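Here the protein sequences come in this chain order: A and B. The first sequence begins at 1 in this note's numbering and counts up by one. The second sequence begins at 1 in this note's numbering and counts up by one.
Since the hints were made in silico from the structure, they are not lab data. Keep in mind it's a predicted model, so treat the numbers as computed, not measured. Take these hints with a grain of salt, some might be off.
[Said to hold, decoys possible] Just so you have them, the derived chain A footprint on chain B, three or more residues with Cβ under 8 Å:
| id | segment |
| --- | --- |
| 1 | 20-28 |
| 2 | 51-58 |
| 3 | 101-114 |
| 4 | 120-127 |
[Said to hold, decoys possible] The list that follows gives simulated cross-link-like pairs (lysine-lysine, DSSO-like), each with its CA atoms no further than 30 Å apart:
| id | chain 1 | residue 1 | chain 2 | residue 2 |
| --- | --- | --- | --- | --- |
| 5 | B | 208 | A | 78 |
| 6 | B | 26 | B | 162 |
| 7 | B | 162 | B | 208 |
| 8 | B | 150 | B | 26 |
| 9 | A | 155 | A | 102 |
| 10 | B | 181 | A | 309 |
[What the hints assert, rightly or not] Pairwise CB distance ranges (calculated):
| id | chain 1 | residue 1 | chain 2 | residue 2 | range |
| --- | --- | --- | --- | --- | --- |
| 11 | A | 166 | B | 31 | 51 to 57 Å |
| 12 | B | 43 | A | 105 | 24 to 30 Å |
| 13 | B | 142 | A | 76 | 28 to 34 Å |
| 14 | B | 154 | A | 280 | 22 to 28 Å |
| 15 | A | 299 | B | 59 | 49 to 55 Å |
| 16 | A | 169 | B | 186 | 17 to 23 Å |
| 17 | B | 81 | A | 163 | 42 to 48 Å |
| 18 | B | 201 | A | 86 | 40 to 46 Å |
| 19 | A | 60 | B | 151 | 52 to 58 Å |
| 20 | B | 81 | A | 169 | 49 to 55 Å |
The beta-carbon is built from N, C-alpha and C at its ideal position, and this holds for glycine as well.
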Amino acid sequence: MIIRTRRNSDIPSSEITPESAFINRRRFLGASAGIGAAAFLSRDAAGSPLSTRQDEEPNTWEEITTHNNFYEFGLDKKDPSRNAHTLVTRPWTVKVDGLCNKPGDYQLEDFIKPSTIEDRVYRFRCVEAWSMVIPWRGFPLADVIRRAEPHPSAKYVAFATLWDPEQMPERRWKPRIGWPYREGLRLDEAMHPLSLLVNGLYGKELPNQNGAPLRVIVPWKYGFKSIKSIVRMTFTEEEPPTTWATQTPGEYGFYSNVNPDVSHPRWSQATEKRIDGSRFFGSRRIDTLFLNGYADEVAHLYEGMDLQKYF
Amino acid sequence: MVTPPTRAKPASRRPANPGHRILLLKTAIWLTGLGPIAWLTVGFFRGTLGVLPVDTIILVEGRWTLVFLIATLAVTPIRRLTGWNRVIQVRRLLGLFAFFHACVHFLAYAGIDQVFAIGYIIEDVLDRRYITAGFAALVLLVPLAVTSTKGWIRRLGKRWRKLHRLAYLSASLGVLHFYWKVRADTFWPLVAALTLAGLFTVRLAYRKRSPKKTARK
């Protein structure tokens, strides 16, 4: 049996994926057109900055696409990969409304086209204390927010996932969770360069179970904040209600920033199980980093806030 | 499931070997008791337990602990309701399998999930109510498993039955542990709670109906 003791040195505190790394890697991608993205992402590729961080190797396609929380398609981690094929992602319309100058129903293509698509490797930390490293493909959420021209009074942006019982088999849970699934961000969080709208994974089209055709990725927050299969974006002045914070207010807050010092009432958030297929039991325990290791970039958003209170 | 007492009682109509049904039942219990371990072992090496096999192991073993605890506590109510007295012979086996699965469940949590980080485990046990309840349920099973031998039954005499009423407390804490753990799906924890309540009601009903008889037995 592999018994591994925890050490603080397991993850260097500076191991966030720096933007320079992406830029270098993107240049490399450009230089090696024709080599598959997956091959490129292997960390030994030509001195990529990621190769210096042994513990930040992206998880496999298999791991990322068979271990999902997408309750509309079932409660078991494997259920979404089995059931989400019924999700129809074309055509797809995103409704933009609320406090903005350019509300309307946008076709997915029109939503994505004006932006430059990038590949970004982010840590993904689930509130259930497991984590992965995922090579997303997407574009800054700020792009579409700017194009919608929110009013100065808009302080938040709310999102909703598609809810269509015909496509989503878990009708049994309808009374328990108020579908559609809702999430929200403060506007400055949503505008942050790390916040993405994602439509791809490993350079390929995003699989349905991962939130196709379009999802949010906010890497410094627990995974459930990164809402999937978005059909609506609403600009609001007041903090919008979000699914889990409404469902269990004592356990999930609006902010839900990754924070090892704020325990979930039912489990510690100090450490996490990093999914790692090279380990005998498929994962290894590592320390959880404040703001999932993105503190240098985003900690200023929460200056002066009591994060024990605004969890 | 169980032959009603009216048919079982007349000696002439009983099978040649009156113990054969118990033997069958015991075989079934052994197979059911070891089945999950075999299933998990095969699944682990075939890679079919999911991306986090430890979570599957903990979940499956927790469920089987509760199944065996409830089955153990169902023995006496079944005996009372059906008059099938021999069924009592499988109670120890059921109880020991409950304890066995509880140990595997706990070791998977402490050893694989928490990699024996004692500090975190102690914090969990003290601070997280569902783990407090689950851990208490396990601790309560230890003296019951230890004193399940014939020698201890003889040694403890009347006190043995009193001691073993702790099984109800342990099972209740186990169900509470299950209920507090789940996030959205409270269906099975509630089924377990109602089953336990039903079994307890049957026992209380028989106790009230014939207090002296129960006391003598």
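Q) Any hints this thing doesn't respect? Which numbers, in order? A) Failing hints, ascending: 1, 5, 11, 12, 14, 15, 20.
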